Amino acid sequence: MVRMVSATELEPTTYAWPVEAAGLRVKAGRHVAVNGLDLRLGTGVHGLLGPNGAGKTTLMRAVSTVHRPSGGSLRLLGEDATNGRVLRSLRRRLGYLPQHFGFYPRFTVREYVEYMAWLREMPKAAIPGAVQRAVERVGLTGRAGAKLKTLSGGMLRRVGIAQAIVNDPDLLLLDEPTVGLDPEQRVEFRTLLRELGADSCVVVSTHLVEDVVAACTDVVLVDEGRLVWQGLPAELVRLGERGGTGDSPAERGYTSLLTTHRSAA
Amino acid sequence: MTDHIPAAPLAAYTAGDPHLDDATVWAVEVHLENCAGCRARLAELAAPPLRTLLDDVQVTIDRGVRTGPEPARRRAWRRLAHRWAVWSVIPWVATVAGAVLAAFALDRQFPERPSLVLLLAPVAPLAGLAIAWSRRSDPAWEITAGTSRAGLELLLRRTVVVLATVLPPLALAGWRLGMSPALWLLPSLTFTAATLLAGGLIGVGRAAAVLGGGWLLAVALPAVLTSDLPAVVQPSSLPAWAAAALAGTLLTVLRAGDHRRVN
Ligand SMILES: [Zn+2]
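Protein sequences appear in the order of chains A and B. At position 205 of the first sequence the residue is numbered 205 (our numbering), and the sequence of numbers has no breaks. At position 119 of the second sequence the residue is numbered 119 (our numbering), and the sequence of numbers has no breaks.
Don't take each hint at face value.
[As the list claims (entries may be wrong)] Just so you have them, the derived chain A footprint on chain B, three or more residues with Cβ under 8 Å:
1) 146 to 160
2) 165 to 171
[What the hints assert, rightly or not] Here chain B is said to cover these stretches of chain A; the calculated rule only asks that three of the stretch's residues, wherever they fall, bring their Cβ under 8 Å from a Cβ of chain B:
3) 62 to 71
4) 92 to 101
5) 119 to 126
Since the hints were derived computationally from the structure, they do not count as laboratory data. As the structure is a computational prediction, the values presented were derived from the model and not from experiment. We put the CB at the ideal spot given by N, CA and C, even for glycine.
Given these sequences and hints, build the entire structure.
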């Protein structure tokens, strides 16, 4: 099938960083979960790592525009995300899979992804094709007509990924996308991630260090709501060769960075 | 399309000549896309093995189209339902209908006492609004909250759904009791608007609880205890209710942006 390339797709971007946060503060309830975070993310796949309670999920909620930052600046795709007026057009270019992926059990896979495409204001004519493509990319073509309540946890996670990528987002946020996927599906998912990261900014929050090393172009380590370290996966592995605890060099690199950061603080 | 592809480049292109430069290849391909004549010439130039391969591919595709899965059927009414329905309010519809029915029966039984239908009308939509915005009852709240249609559009759709389920039973009860529709409709709309307006700041659930609780304690309960129909639900208050409903609706639409985020 011939896919027309529109003029807006070829337009050069006018911003340097798809995600640019400075002194960002975001509250989760009364607790300040993101506290003075400075972060710049370019095109590619960024693995967001950190211990439980480090503020990863709150950060993802702020970047997905669901939560309003309580301080600092947050620019997404060149727009000021703290300004309510730009949200509508900005959100058309975002894809988001929350950690707790809620769904309507009576919807079929196709209906659910179509509903999400509609919520993101995709042009009517583009929706059926985009839905089919998204469902194919996550390997659920055979189950497209199945009701969501009949699917396993891993399949639901893939439905969640399909709804997040259906609008070809410029900024894609995936919170723990590999939970419930079996090893083979995780390998397929990493391939998909690399494809997606070729021309958009993908942020993957995960607790699996090996996923980050295998599929990400950049590692972002946060703790207590602040940026601890940002670098290449290879650098993380190299750090792990010198010490730290864990089963793989990357895990050892991760723990040694956290230990160094905490003892310095 | 006057200049067709000269024989030499076409032959080189067909043979996959590696010396053909990119610019020529692009020119040939752009022309081929639009010119059936040159495509026919290309087919004649193709080597027999290539033609056999293409025939095989054609046959396989045809077979795939015939035996493969049917295109997904488009079910318009299901899609309409998905876009409009607030699934979580459905169990609650029965509760509201039951409450209105009970109020109606009591009003029929005791016509001299303050009308329970009128006392119930302002707060009837509030529980539905609270449920439609509740994170606990909407499993997909976090996903939907981050989409472009969150905000004014979902606000209007949800409100329409809630009112469409609440107003018909009230209308039926009001009509059978011979009341003016404005008497129950205007307070209902005013409280709906006030809940959404306050809800943008403190959360719809909390706003519904405060406003609904306030009305029941300050107006409904004393009316039931004293058997006096309060002035606020008598026809003389209608102009005030009309003004409040209008102002409330306008303000709600103006402040719809408050509902774009969840905190
Ligand atoms: Zn020609």
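Proximity test - 8 Å, beta-carbon atoms, the region 165 to 171 of chain B to chain A, at least three hits = With 0 residues closer than 8 Å to chain A, the region 165 to 171 of chain B misses the three-residue bar; violated.
Has the region 146 to 160 of chain B got at least three residues whose CB is nearer than 8 Å to a CB belonging to chain A?
-> Result for this restraint: holds, n = 6.
Are there at least three residues in the region 119 to 126 of chain A whose beta carbon sits under 8 Å from a beta carbon of chain B?
-> holds (count 3)
Cβ contact check, 8 Å cutoff: the region 62 to 71 of chain A against chain B, three residues minimum | This one holds; 5 residues, not fewer than the three required, reach chain B with a Cβ under 8 Å.
Would you say the region 92 to 101 of chain A counts as covered by chain B, given the rule of at least 3 residues with C-beta under 8 Å?
-> n = 7 at 8 Å, threshold three: holds.
Against the hints set out earlier in the document, a violation occurs for number 2 only.
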